[in-house]
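For the record, the sequence lines run as chains Y and F.
Counting from 1, position 13 in the first sequence corresponds to residue 14 in our numbering; the numbering is continuous, with no gaps.
Counting from 1, position 203 in the second sequence corresponds to residue 204 in our numbering; the numbering is continuous, with no gaps.
Do not take every clue at face value.
If chains are identical, the list can't say which one is meant, so a pair holds when it fits in one copy or spans any two.
[Claimed, not checked] Listed next, the in silico DSSO-like pairs over lysine-lysine satisfying Cα-Cα at most 27 angstroms (straight line): (1) K155 / K62; (2) K155 / K26; (3) K162 / K26; (4) K104 / K51; (5) K51 / K162; (6) K51 / K155; (7) K62 / K104; (8) K104 / K26; (9) K104 / K155; (10) K26 / K51.
No lab work stands behind these hints, which were simulated from the structure alone.
Protein chains: 2
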Amino acid sequence: MPDQAHPTTADFERCRIEDGQGWEKLSVERVLDHRYIQIEEVRYRTPARKDPVDWTVARRKYAIAVAPMLPDGRFLLIHQERYPVQRALWEFPAGQIDDVDNKEDRNIILGTVHSELDEETGHQLADDGELIPLGYFFSSQGYSDEHVYLFLAKNVIATGKGPRPDAGESILGCRAVSANELSDEIANNRIVDANTLALYARLCARGLIN
Amino acid sequence: MPDQAHPTTADFERCRIEDGQGWEKLSVERVLDHRYIQIEEVRYRTPARKDPVDWTVARRKYAIAVAPMLPDGRFLLIHQERYPVQRALWEFPAGQIDDVDNKEDRNIILGTVHSELDEETGHQLADDGELIPLGYFFSSQGYSDEHVYLFLAKNVIATGKGPRPDAGESILGCRAVSANELSDEIANNRIVDANTLALYARLCARGLIN
Numbered sequence: 002m003p004d005q006a007h008p009t010t011a012d013f014e015r016c017r018i019e020d021g022q023g024w025e026k027l028s029v030e031r032v033l034d035h036r037y038i039q040i041e042e043v044r045y046r047t048p049a050r051k052d053p054v055d056w057t058v059a060r061r062k063y064a065i066a067v068a069p070m071l072p073d074g075r076f077l078l079i080h081q082e083r084y085p086v087q088r089a090l091w092e093f094p095a096g097q098i099d100d101v102d103n104k105e106d107r108n109i110i111l112g113t114v115h116s117e118l119d120e121e122t123g124h125q126l127a128d129d130g131e132l133i134p135l136g137y138f139f140s141s142q143g144y145s146d147e148h149v150y151l152f153l154a155k156n157v158i159a160t161g162k163g164p165r166p167d168a169g170e171s172i173l174g175c176r177a178v179s180a181n182e183l184s185d186e187i188a189n190n191r192i193v194d195a196n197t198l199a200l201y202a203r204l205c206a207r208g209l210i211n
Numbered sequence: 002m003p004d005q006a007h008p009t010t011a012d013f014e015r016c017r018i019e020d021g022q023g024w025e026k027l028s029v030e031r032v033l034d035h036r037y038i039q040i041e042e043v044r045y046r047t048p049a050r051k052d053p054v055d056w057t058v059a060r061r062k063y064a065i066a067v068a069p070m071l072p073d074g075r076f077l078l079i080h081q082e083r084y085p086v087q088r089a090l091w092e093f094p095a096g097q098i099d100d101v102d103n104k105e106d107r108n109i110i111l112g113t114v115h116s117e118l119d120e121e122t123g124h125q126l127a128d129d130g131e132l133i134p135l136g137y138f139f140s141s142q143g144y145s146d147e148h149v150y151l152f153l154a155k156n157v158i159a160t161g162k163g164p165r166p167d168a169g170e171s172i173l174g175c176r177a178v179s180a181n182e183l184s185d186e187i188a189n190n191r192i193v194d195a196n197t198l199a200l201y202a203r204l205c206a207r208g209l210i211n
């Protein structure tokens, strides 16, 4: 894994969900306290509403997703069995930030990007590589606080050790696609996950892809 | 609201999550049965794994999201307080398909698109308007089966009745942005929800936006 001091842009806008600026949690009742998800009934005071509002919220770990780009400009996609939707999907690598006590720490976030890249694709940043932050997104803001930090990993090379996914994961393969092929897969509904679509949207909007 | 027979492309690829092709749910234990979310511990047999795998899954209603385009080519965004993330976000209109018994019915899905467009923006398809399906996406396939059908509503006009959101919703405004302004908002991390980013990705990939 590359050193955390490996060249990256100086910093990135981190997402913080906290009270303030008119937002306040008046009460919180936890209805499910589970290892992977917490469900809460929350009474919010909001800046715009006269009366408080009651809402059901699913809390999740923070996460990252990364678009790995080879020196020739092609992107790496992984093929992964996704149990909740009973499909194997082609997607950009992604993973959760397990160190929940330091989930807003810059080096923890960047470290997770490097780890997922290595474990899921068997690639790492080249010496002249760069990790470019592309902001973040909320996966389903109507009920969940889950958000995902997005990155472009420019100039990745094989580690030689291959992918080494977690035991619970089922990664079936990895392939390189050109920007045109990626667009074609997205246009034709063959790439269907929020992480990859959000990364593609930011890459397009920033002119980093045709 | 326009008649459901209003001009639309003939059909669209619907998402179905079901057993078959090597997928099987060997056991399901429901650990939370809530009005808005169901949490299950599922033992899956998958096509690629030798042994079954246990996974925690959050089940949610199906949903839609729609990019409303005015006759001059600008897009409508709404500004909505999103309680779980304690922010007001600018996003394309979206909503859940409440008729869970008919959630795969074409007319129910399209009807939800027309309703959300009307209720959240106060707009409807013009006589020469068209509802163009842009596939679907999974919001967080690592833990949830939630998926969202995507549409471009081309040529929308004001109903004259204004937005009429649900009582629990907090919609603060609606504005029209050019394709360039939309790209700029996305590039600069000012649009941060999966629905809007996924719609933008499909619009870009299909060449429906510059």
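Consistency of the hints with the structure:
no.: 1; hint: K155 / K62; result: within (26 angstroms within a copy, 37 angstroms between copies)
no.: 2; hint: K155 / K26; result: neither (41 angstroms within a copy, 40 angstroms between copies)
no.: 3; hint: K162 / K26; result: neither (47 angstroms within a copy, 34 angstroms between copies)
no.: 4; hint: K104 / K51; result: neither (33 angstroms within a copy, 34 angstroms between copies)
no.: 5; hint: K51 / K162; result: between (58 angstroms within a copy, 23 angstroms between copies)
no.: 6; hint: K51 / K155; result: neither (48 angstroms within a copy, 35 angstroms between copies)
no.: 7; hint: K62 / K104; result: within (8 angstroms within a copy, 30 angstroms between copies)
no.: 8; hint: K104 / K26; result: within (21 angstroms within a copy, 33 angstroms between copies)
no.: 9; hint: K104 / K155; result: within (24 angstroms within a copy, 41 angstroms between copies)
no.: 10; hint: K26 / K51; result: within (15 angstroms within a copy, 46 angstroms between copies)
This entry does not satisfy hints 2, 3, 4, 6, going by the numbered hints stated previously.
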